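Throw the hints in and build the complete structure from the sequences for me.
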Amino acid sequence: MPKILLLIFLLSLFILPLAEAGLLAGASRVKITPSYSVYLAGLGNNRKSEGVHDDIYASALYLNDGKTSVVIVSLDLIGLFHDDVEDIRGNKNDIIIACTHQHSGPDTLGLWGPDETTSGVNPEYLAFVKGKVREAIDKARKSPKPAILKVGEARVSEVAYNAREESLLDPTMTCLFVESPDGKPIAILVNYACHPEVLWEDNHLITSDFVYYLRELCERKIGGTTLFLNGALGGMVTPRVKEHSFSEARRVGETIGVEVIEAWRKAEKIQNPKITHRCARFKLPVENPRFLLASQMGIFKRKIQSGGIDTEMHFLDIGGKLQILTNPGEALPKVGFALKELLKAKYKMIIGLACDEIGYILTKEDFGTQLYSYESSMSLGPKIADVLLQFGRKLVSGTLAE
Numbered sequence: 001m002p003k004i005l006l007l008i009f010l011l012s013l014f015i016l017p018l019a020e021a022g023l024l025a026g027a028s029r030v031k032i033t034p035s036y037s038v039y040l041a042g043l044g045n046n047r048k049s050e051g052v053h054d055d056i057y058a059s060a061l062y063l064n065d066g067k068t069s070v071v072i073v074s075l076d077l078i079g080l081f082h083d084d085v086e087d088i089r090g091n092k093n094d095i096i097i098a099c100t101h102q103h104s105g106p107d108t109l110g111l112w113g114p115d116e117t118t119s120g121v122n123p124e125y126l127a128f129v130k131g132k133v134r135e136a137i138d139k140a141r142k143s144p145k146p147a148i149l150k151v152g153e154a155r156v157s158e159v160a161y162n163a164r165e166e167s168l169l170d171p172t173m174t175c176l177f178v179e180s181p182d183g184k185p186i187a188i189l190v191n192y193a194c195h196p197e198v199l200w201e202d203n204h205l206i207t208s209d210f211v212y213y214l215r216e217l218c219e220r221k222i223g224g225t226t227l228f229l230n231g232a233l234g235g236m237v238t239p240r241v242k243e244h245s246f247s248e249a250r251r252v253g254e255t256i257g258v259e260v261i262e263a264w265r266k267a268e269k270i271q272n273p274k275i276t277h278r279c280a281r282f283k284l285p286v287e288n289p290r291f292l293l294a295s296q297m298g299i300f301k302r303k304i305q306s307g308g309i310d311t312e313m314h315f316l317d318i319g320g321k322l323q324i325l326t327n328p329g330e331a332l333p334k335v336g337f338a339l340k341e342l343l344k345a346k347y348k349m350i351i352g353l354a355c356d357e358i359g360y361i362l363t364k365e366d367f368g369t370q371l372y373s374y375e376s377s378m379s380l381g382p383k384i385a386d387v388l389l390q391f392g393r394k395l396v397s398g399t400l401a402e
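Taking my numbering, I'd label the letters of the sequence shown as residues 1 to 402.
What you were told as hints is all true, and nothing was included just to trick you.
With a cut-off of at most 25 Å between alpha-carbon atoms, the simulated DSS-like pairs for lysine-lysine come out as follows: (1) LYS132 x LYS31; (2) LYS364 x LYS394; (3) LYS48 x LYS31; (4) LYS340 x LYS283; (5) LYS346 x LYS334.
Just the calculated beta-carbon pair ranges, DEER-fashion: (6) SER180 x ARG220: 12 to 22 Å; (7) GLN296 x ASP202: 28 to 38 Å; (8) LYS184 x ASP138: 17 to 27 Å; (9) ARG240 x ASP87: 31 to 41 Å; (10) LYS364 x LYS303: 21 to 31 Å; (11) LYS364 x GLY223: 40 to 50 Å; (12) LEU293 x PRO171: 35 to 45 Å.
Since the hints were derived computationally from the structure, they do not count as laboratory data.
Treat the numbers as computed from the prediction; the structure is a model and nothing was measured.
For every residue, glycine included, the Cβ atom is placed at its ideal position computed from N, Cα and C.
Here it is, written out as structure tokens:
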């Protein structure tokens with residue numbers, strides 16, 4: 001074969017599929033299950049693990065449109081502080097690390113130690129997690145393939161309920177499906193607001209809760225790597241269950257999974273998957289004396305300076321069809337709806353607990369009320385929602401520098 005024909009043949013094999021797809025994508029998953037007993041996060045102090053029901057993971061998705069790249073990580077953890085996220089990724093701001101906020105995994109914040117004055121964080125485990133997240137990111141980046149994107153949504157109204165105000169709930173689940181040009185699944189992003197807390201304080205087994213069953217069903221029926229990204233789950237958006245059991249966790253996870261499959265069947269292709277990514281880093285005031293005291297006592301291992309704490313938000317636009325806005329904590333539904341209103345695409349995602357865990361995010365009107373007394377006690381203060389909306393508005397409009 002003449003050299004010029006050979007060159008054309010090779011180009012048709014490697015370059016043309018990429019041009020058709022418009023972007024590259026890679027996915028990975030790395031196990032982060034501890035090999036020793038740890039304090040379990042959520043639901044009370046002095047709850048130690050006594051075994052493993054299902055492994056927990058760091059799952060990563062890498063997207064690159066040839067000009068802009070981004071990595072989205074889903075962690076089966078209660079949350080990570082911004083300092084720890086920064087430690088994982090260094091000075092790279094194209095990495096979004098979000099936690100599922102499950103309540104039967106290791107304490108990575110410090111609130112659930114042997115008592116209220118002692119941190120439950122195991123430094124050895126936290127260092128292990130950081131290394132494993134870096135490994136997941138590297139694996140996703142080093143395995144890119146030509147890809148196409150599809151997006152879909154469904155209403156999942158029978159799974160979650162708002163224990164504070166039942167009428168305030170966002171039942172929309174939005175999914176991004178990443179496939180090879182010939183239709184082979186690479187990854188699925190599932191964005192839905194609900195605490196993964198089917199299992200309760202009597203459970204002492206490591207588990208990712210309903211997320212385990214959701215992923216298992218999606219990966220068995222569709223394929224690829226499923227990443228669960230929580231939404232505005234605060235105050236308290238929780239699973240509606242008959243009992244706190246693994247059988248109910250299976251029912252909840254598989255109910256969501258069935259809707260993911262339905263959304264996949266009806267998904268729309270993103271014709272020109274150009275990625276726009278903007279990030280805002282800023283300070284938030286800390287007006288909660290409990291948080292200040294916890295930092296001083298070493299329960300919280302994060303920097304609280306006179307100007308407040310450092311945090312961040314991200315905005316993604318993918319082909320004008322899907323827009324994503326992150327928030328650094330547990331936004332209540334009212335705040336989640338307000339953040340979604342900022343987005344203009346047909347499909348929208350609000351990713352909570354992204355790159356930080358600052359606690360509950362309430363409107364000024366709800367802050368300090370009797371109904372939301374617990375959430376107020378676990379919030380930085382009444383100004384936080386307004387600050388996040390301010391930066392969210394600038395990120396979406398592209399006026400951050402003004």
